[in-house]
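Assemble the dimeric complex from its two separately framed chains, guided by the hints.
These protein sequence lines map, in sequence, to chains A and B. Under my numbering, read the first sequence as residues 1 to 150, first letter to last. Under my numbering, read the second sequence as residues 1001 to 1737, first letter to last.
Please keep in mind that the hints were generated in silico from the structure rather than gathered at the bench. The C-beta atom is built at its ideal place from N, Cα and C for all residues, glycine as well. One should not assume that every hint holds.
To be verified - Reference listing, derived: stretches of chain A covered by chain B, where coverage requires no fewer than 3 residues with Cβ under 8 angstroms from a Cβ of chain B:
1) 1-12
2) 18-24
3) 30-43
4) 48-60
5) 65-73
6) 95-105
7) 136-149
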Amino acid sequence: MQLNVNGATVTVEADASTPLLYVLLNDLKLNGAKYGCGAAQCGSCKVLIDDNAVPSCVTRLSDVIGKNITTLSGLLVDGKPGKLQQAFIDEQAAQCAYCVAGIIIAAEALLRKNPKPTDAEIRAALDGNLCRCGAHNRMVRAVLRASREA
Amino acid sequence: MQDISRRKFLQTAGSLTVTFSISGLPALAQEGGAKRLPGSLKAFPKISSWIRINADNSVTLLIGKVELGQGILTAAAQICADELDVDIERVEVISGDTFVTPDEGVTAGSASMPNCAPAVQQASAEARHILLDLAAKKLGVAPQNLSVNNGVITTNTGLRASYGELVLGEAFNREATGLVKPKAIADHKIIGKSMPRIDLPAKIVGEAAFLQELRHDGMVHGRVVRAAQRGAIVSVDTAPIEAMPGVLKVVRNGSFLGIIAAREEQAIAAAEALRSAVEWRKPSPFVASNLVYDWLEKQPAQDSTVKEIVRNNSAPPSSVVERTYLRPYQMHASIGPSAAIAEMKPDGVLVIDTHSQSVFWTMEAIARMLKMDKAKVHGRHFHGAGCYGHNLADDAAADAAMLAVAFPGRPVRLQYSRADENCFEPLGPAMVVKARAGLDADGGILDWQVDVFSTPHNTRPNREAGFLLAAAELDPPIKMPVPKNVPAPNYGAERNAIVLYDFPAHRVFNHFITAMPLRVSALRGLGAYGNVFATESFLDEIAHEAKADPVEYRLRYMKDERARAVISKAAEAFGWANFQKSAGRGRGIAFAQYKNLACYTAVALEVSIDPTTGEIRVVRAVAANDSGHIVNPDGVENQIEGGIIQSLSWSLKEEVRFDAHRILSDSWAEYPILRFSEVPPIEVVQIDRPGAPYLGTGEGSQGPTVAALANAIFDAVGVRLRQLPFTPERLKAALNA
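Bound-form chain B, shown alone (with noise of 0.2 angstroms):
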């Protein structure tokens, strides 16, 4: 059980950091293992950065990537256990350090299970090889004769020695090699089961196990006040709500407005009536939400070409079908509004305890934000809700850091309130994809082009103290740098805007806006989700114009092997050549490998429509999925499960509605999502690769679980809705048109 308690007492007590070095494997150290060395331990080769063995024989694993309610944890502990022998009770996960573990950069991008599994990997299976070396001397017997069970080391004459021991008062440090080869699949015993999420019994009793729940000695309450459009301060009288109950201090900092208070209710008071005391300059009004699709594709852009494979023979097309598809702004909404602890301590350390998915580099940003030694500023991470892309959580610890710094010695606690995390969170940008295919007199496509219209996928505070709303506000402003696309292999705006199908003419453009109207950044599967939608619509219109089936048609133009598998499991799963068609009810099928190279999933759903209200019901949804080798098939089910099920409520409820000045979805009153009720069931066929890299599976879903219910709707009652969200109103007025 992941406690946090226990954390602490590691941190502040120090356990009996063991570093490896032993003599039994110099010459394989000067073989340039480095490059051979997969995932994160590339960067961070040293064995000691990731394993720790305590004196009571169990083990601390550090990671630098953070669990979100995935379950990376709980699939790097089930790693780290099985390689090295030990019961996964055993081994202790602490993650997303500045001052201890290494930095995996951004938790982020389905690329956890890429990066961190295979670092873990190789540095339990050299660690263990390591001790049994050393059990080998101890014991005078060789390696070959020993065996191990939940770290402890026998003979078959008897003799033993545990890990404990074995490492108690050594002095270890060595890199990996890269030599030394991780289990056969064959002898897996963790890997590859459902195991039980190791954090998730202390949520369900109701143990201090989220940062909202960490309550340190002499803790206090802040919360920071900001214009609806963060416009500069034209006055505040602060005087009568520094005289209110409890308040300990107003800080002003340029534009930057927090207060202080004893206890959390004071807190929340005080900060509403600064609200009404500040009187705030009038900022230029937003693009009017009812045009911002017409403005994305006016404004001045960087074009580029994501992908050019032009036709040998040039003979024209017989047809030309051109559509437009488009994707509103959606929120990451998180159901735990963001908080943060932050305290200046007397030796100069300002101590952030945070639930960032990028702890080092948001801290960096901080540092720099507060110019300070990035040193002096240590990031903990501690579990938050779900965030699904950067969210407003590095903005609460760096506002918390304001606070902190402003009224040391004490830690502070910075809680958003539930409109603070709608208004000013980065938003999921909006998109205008434009699809254009070329046709033979057959329906077959010869020509295939898409060009992409978004602004940035990507603000996070990637070390850059600009990308926080607090920097802004200082006097004078930190500027927010020019945020930069996301480039190839991942890609952002343009994310998944390349097909895995084979066409004879394939061309794929980007054009990246710079302004931004709105705060944006990245929210689950950044393009992929817009791009998805177009590409799978796309096809499947052209689909149906043929009169082919939409299963056949897309096996037609598929050469990879494992997206034909989950294409065809998909179907199979869901029924679909038995599928009997009824009035208003109907079926869809999308496909995508998220990024080109990250899980194949294939999504087919029915709906069920009432003509009358526009009302659309997902009756069931089946998906199929191939995450690569799997090591944890409840945690992967659990990924797509919910994938689908977030992607359901973007693509039928959400879209952001603003007017000229503010963000008017502050509530969830105003920005519904899917309700116990109106969720389907929902089954998931995985298809296991084993010895296959693991691939994430976070982001697979989403794309074409959106396709797929704009196909089915299709299917149902004849009407294309390019225009997320699918609102009855929608329906209703495309079913009238």
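In isolation and in its complexed conformation, chain A is listed as follows (with noise of 0.2 angstroms):
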């Protein structure tokens, strides 16, 4: 089965019904998108599928064929963290940053639709996704960051 990822057209060995999440972290070994609750409850799991941040834990292999799959590290500028992830580092946006990388996804999809959100847009857009540490307010610094110098 042929997936397009991160801008590569790799070959998986999976049965097409398989969560897209298993596959990205067991067969491509890709991190980032991580289990959190394997009902779309979370949003740890997030990856872009074109330009919408979709949970992968619900996702099947059969739903994205011919689409563009866009993890963690697809995100990255010549091997240099993104413009996000770069907010993210200058904000220390994070504690244990395990719900981190679907949280840059998802912000990831808000700046492609609306490049220059507010606060209140940027909160909205986040509340299908969970942090338990308690860093909400400097993830929506380190969005607005990236959304200033873009």
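And the structure:
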């Protein structure tokens, strides 16, 4: 089965009904998207499917054939942190950082649609992502910073 | 950058282990230096236990405390780099490895900065002293004529020697003396500065940074299946499960039931099939959730006097106020369900990769469960999701070990589901806190009494197999020991039940109940969250009755200068004196010194309430914090901010629901937490105390936050909520009462 991941075509040996998350984690050995709930309730496993942030835990391989899948490492630019990633580093926008991959992906989807979001628009866009450590305000500041530097 | 592949190299290839022993200081070592050694260095006085210099001039720092997302590795690296005069990028930290690092017990209780940090500081200072001594001999100059820059020692005549050259091939091995003084504060270049976390870049760019991202060669996937109430198996037919695609083994040992499969999705499918195939013995029902507070008060308890100051003058008070405050069962609800990887190696060593907070003690418990020599169980800490106490991390390690010994030679990765994590994690215990005060005619406090009723707040696997879920499922089972309360000075259920205020009479009693209707253990702050909620709400109630300003009333009874400073600072930064009250809006303040020995924190916040819906919005929060000498200001701010947000989530939303047979809060839909659009702006004011002991910060703000919230709600709408959480339904009911 062929997938388009981070700009490259890859072949995986897995059943078409396999959740994308496990293929990313185990077959393609891509980090970032993480298991959090398996029910699209927390956002930890979000990846970009074309320009939308989608929970990969409930997305089957058969749903993403022919689409562009982008994971956290797909946001690197020439091997360096992309602007959102750099903004998260600059703002120290995390504690445990388990949720941060899904949040950066959700923010990337937001910025593609709305390059200059307000604080409230960012919060609304990230409401589908949970953070348990309480780094929310730092993450919102990071998204604002990235949007300013765009 | 902390890269797990680099760490693997260190462990497998072995580094140039440098052990210090030189002739320069023999007399000093004989003066019983261990007594003078700070923190964890007392138990592990050898410098080589903490510091290694590598051939490439880099430094490896070995610590027993582990990263839980709170920045301890960065703070420890800062201290090490500053004392050793090397750039922080040259310091690699290895933490929580039972074959490599000192055993610093559990990473908990805001105790890493007070115990680990001073040990690292002293060990690093002594290592630098020894290196200078070695350089002086090699270069033929006096130590005072040497200077160090990023691990290179130079003389004023241009001679040089690097740390890496100095120790290469030498055999050093000596105990710290306690006689080398760490740098003067004025000479600190890195301590006290906001340093970016050393572990974050890897996590943000998508390198393998978490245990969940380890992929050992030949790794297979495991799952376990448990009854909702952990009952014994009546019957199970495993044959059809064994025939499922990818299934390598069904593991049964007593009532422990697990599967191992080649692929993760195959393991999930097989576990679901196995769950349907097993019939469990019906266990006795829980106490119903709405009756749990009555149940707590009626249980036989171990009663203890925590504090008793009796008034000299026995004149009866002019009035007596009594109130009861209720805290429900709450979850750690880690964002990442726990996982572990275990492999039974051909040499008989069981290697367990874990995100446990207590790697050493849990490995010992697992060794006992498996009847193995503890020297053959190698625990290695890897980063996981934030845990906030004793969650399922330790059970994941034990379950992975159970599967690995049944399937030797292959690494087995055990991953819990969200429902597993929520339904089996040891919860933060429910509490009943009764407060009673005798007042004088002016509303001043004469007598103060607090009674705490709660089940254990600590059932960690403290080297005891019986605290592990799997151990109870073996045939014969290993019984859980009767938990003990956490003793003074940290305390468990009664943590922070003693207030820092001075009252003429002050009595605190703990009623420790060892029966547990639900599995419980340490949740961030233990009893402090419930007790600070109760005592700081109660004090506020009394202040309002006395028509006193809550800030002034607190200061009236507070002698501790550092406590007074954070209360005053929080009030000032909040704009307490100029606060303009408007309809549906209110302000509240609360204070605690965590454990009465860690950081001082006051929180002031403002709420806005919609009386028709009962919805409470926190408009803003301000905290003032004194964590002693601050190593990393941004790290402290992040902890206080995060603690406030987590406490607001607990206090506004969180209560574990259960019926007589099972936990109902098995998903985020059933156990909602605070979301981005509900998080208020937060300001943190820090009071630095250069030269004062490092005080832990991670659990400082949760107690003051819940009480400030309760006090602000009262200020806004005149209703006092004494039962957590403060849901819209509960507030509406109180408003209509």
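Checked hints:
| no. | hint | verdict |
| --- | --- | --- |
| 1 | 1-12 | violated (count 0) |
| 2 | 18-24 | holds (count 3) |
| 3 | 30-43 | holds (count 11) |
| 4 | 48-60 | violated (count 0) |
| 5 | 65-73 | holds (count 3) |
| 6 | 95-105 | holds (count 8) |
| 7 | 136-149 | holds (count 5) |
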